[in-house]
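Protein chains in written order, with the working numbering: chain A, 1 to 371; chain B, 1 to 371.
Because the hints were derived from the structure by calculation, they are not lab data.
Treat the hints loosely; a few may be bogus.
The list treats identical chains as one, so a pair stands whether inside a single copy or across any two.
[What the hints assert, rightly or not] Result set (DSS-like, lysine-lysine): computed pairs, CA atoms no more than 25 Å apart in a straight line: (1) K202 - K128; (2) K371 - K235; (3) K351 - K175; (4) K371 - K202; (5) K278 - K344; (6) K235 - K128; (7) K128 - K208.
2 protein chains.
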Amino acid sequence: MSGNRDTGGLIIDPFGATLVEDYDRLFTEFGIQPLKPLLSQIPNPCAAMRRGVIFGHRDFERIIDAMKSGKEFAVMSGIKPTGEFHLGTLMTAREIIYFQQEGATAFYCIADIEAYEDNGIPFEESEKIAVNNVADILALGFDPKRGYIYRQSREERVKDLAILFSRGVTLATMKAIYGERHMGLYLSALIQAGDILMPQLKDFGGPKPTVVPVGIDQDPHIRFTRDLANRFQSKFKFIPPSSTYHKLIKALDGSYKMSKRNPMSYFTLDEDPDTIAKKILYAFTGGRPTAEEQRRLGGNPDICPIFDLYLFHFSRDDKEVIDLYNDCKCGNILCGEDKMRLVKIVVEFVKDHQRKKAQFIDKAREILGVK
Amino acid sequence: MSGNRDTGGLIIDPFGATLVEDYDRLFTEFGIQPLKPLLSQIPNPCAAMRRGVIFGHRDFERIIDAMKSGKEFAVMSGIKPTGEFHLGTLMTAREIIYFQQEGATAFYCIADIEAYEDNGIPFEESEKIAVNNVADILALGFDPKRGYIYRQSREERVKDLAILFSRGVTLATMKAIYGERHMGLYLSALIQAGDILMPQLKDFGGPKPTVVPVGIDQDPHIRFTRDLANRFQSKFKFIPPSSTYHKLIKALDGSYKMSKRNPMSYFTLDEDPDTIAKKILYAFTGGRPTAEEQRRLGGNPDICPIFDLYLFHFSRDDKEVIDLYNDCKCGNILCGEDKMRLVKIVVEFVKDHQRKKAQFIDKAREILGVK
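Here chain A stands alone, though its shape is the one from the complex (with noise of 0.2 Å):
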């Protein structure tokens, strides 16, 4: 992990880096495409595709099909109601808004039941953390005129096709895709899967194409609902649904993943700008022990979670996060001053958005029919 400095002035292209490392296997064992080689035929790609952050996809050659053509099409993802947005779900609202401006019919899924079934989070209780999930959610953009937005367990078409998928799966399969799990996890996946295919009910127009862009660990849910897909085609000529896959962002503490048992290690937009801007502070980096082997040697922007907060979420120049990237590894550049940089564009952020989405809360009520 040392000694990169000798790029002898070539530019690294810091979106394909650790791509080609870690998640190989992904395409070679899981049948999981590369997003890359499609990138020149996206009409307006996102900047998160733009920079390797979404690597890979299935099938997403038929979301470029409709994009292109003006044919319908649908986006789909979620969140489960468990707490405040943070990095991650900040991620998926923005890949969900991102379609949407790009022409695609948006659903929206609070997935309360699995927030029950996984994390216990009574109903009563994940409703009122729901309002603020989509205040959030319309702060960043997203357009209810042209999309859905619902709950899980207040929708009984999702429930429905729970209900019919479930005939007919073996524990053989429900063990191999999830292991050895209580029964009601088993059914907020198959709740899950109801979520996915619903776009293409009659209610809301029939078979179409539909992209789901999730994180990398929620492969096995796309695999399951392509299944079922496919099982079910007859009946509803389902299209399988198309998906595309992020990279996770980096823990901020460098621990292996952001968590909240860990408030270190992540923040939320929710939370105060001055506790914000200290979690960016203490943030373990890629940089040296000293300032003076930093300049010598370069620090190693690809373990850092600040450069990956950049990278993620807060610049909106590609050729910044580039020019970042090599200054990094090039020792042109400290942690120190990197850090506080990033502050700034956070805390601006935050505050903004913060106060959006305070406007929005009456919406989001209306739109839960919450009192």
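Model the placement of chain B on the given structure of chain A, informed by the hints.
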């Protein structure tokens, strides 16, 4: 099974006879209680109770209390809409109607989700069958004004209870109760638990004693539901459901069990009366090879489906059943005359029922919301 003739004129109680032999294990091993000791406390026991056809129970004391004190209680059972009413579904229907007449609010479930999961019957098809089934129970005397007839697939409260209950139910539990089955069957077991506990929801007046009259083969569902009632006690204040168990009526052709695969083993209430008459006349009996032998040695009503028909359904008079039992045992009556008399009773009942049923088809459609 032979030579039991020497009863010396002693009147044998046929209502308790097979009970002790065959059902003893249920009492000792499964915690089912015999009904007989409670019989004298039941205000107005039905024929099936008096005759030992309903032979066992769980927590039936609670129902007796409610009957005596005039407190609110419920009866809940249902039918899987896979075909016309037969002697088994007739049994359950009569039990529900009995409890309704004794003051219970009656819940009659059309288990169309189970018909789909277990038998692969599409909802469009089971809907048509359900119309017939509901007309049957109305013709038998079910009062829809003091009851609730519903389809599982249209009853969101039942599905929502299933979703709630599924959390924390382990695969080990499901396998222990139902064996290794596909997801649809497990889901339909959870839905059935929802059916049984729905009468205790706020929408229906809250917690109340509920009796579920079933065949002994349905006890796994009862145990499972009682466990769930306890687990969700704090949220819903459920009273664990009570149950009664009836014996299974013998197959007409002497085979192991009435079965659709074997049309001579049973008849439906919808069948042509001539065909029904033929099935009865061809039925297996507990008789001897020759009339002479039967007069000398007596018949065996304990293995006789003809006797069962009188005992379960077609004799209104307990004394008559006892006489029949003893006359058979003593060789005073032969199978031919016994069958002829039964044919007359059954054909009259079926014709009358079919006539009444025709008048309830529209009402059944209305109740089910079927055009």
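Check: Which numbered hints are broken by the structure, listed smallest first?
Finding: Result: hints 3, 7 break, sorted rising.
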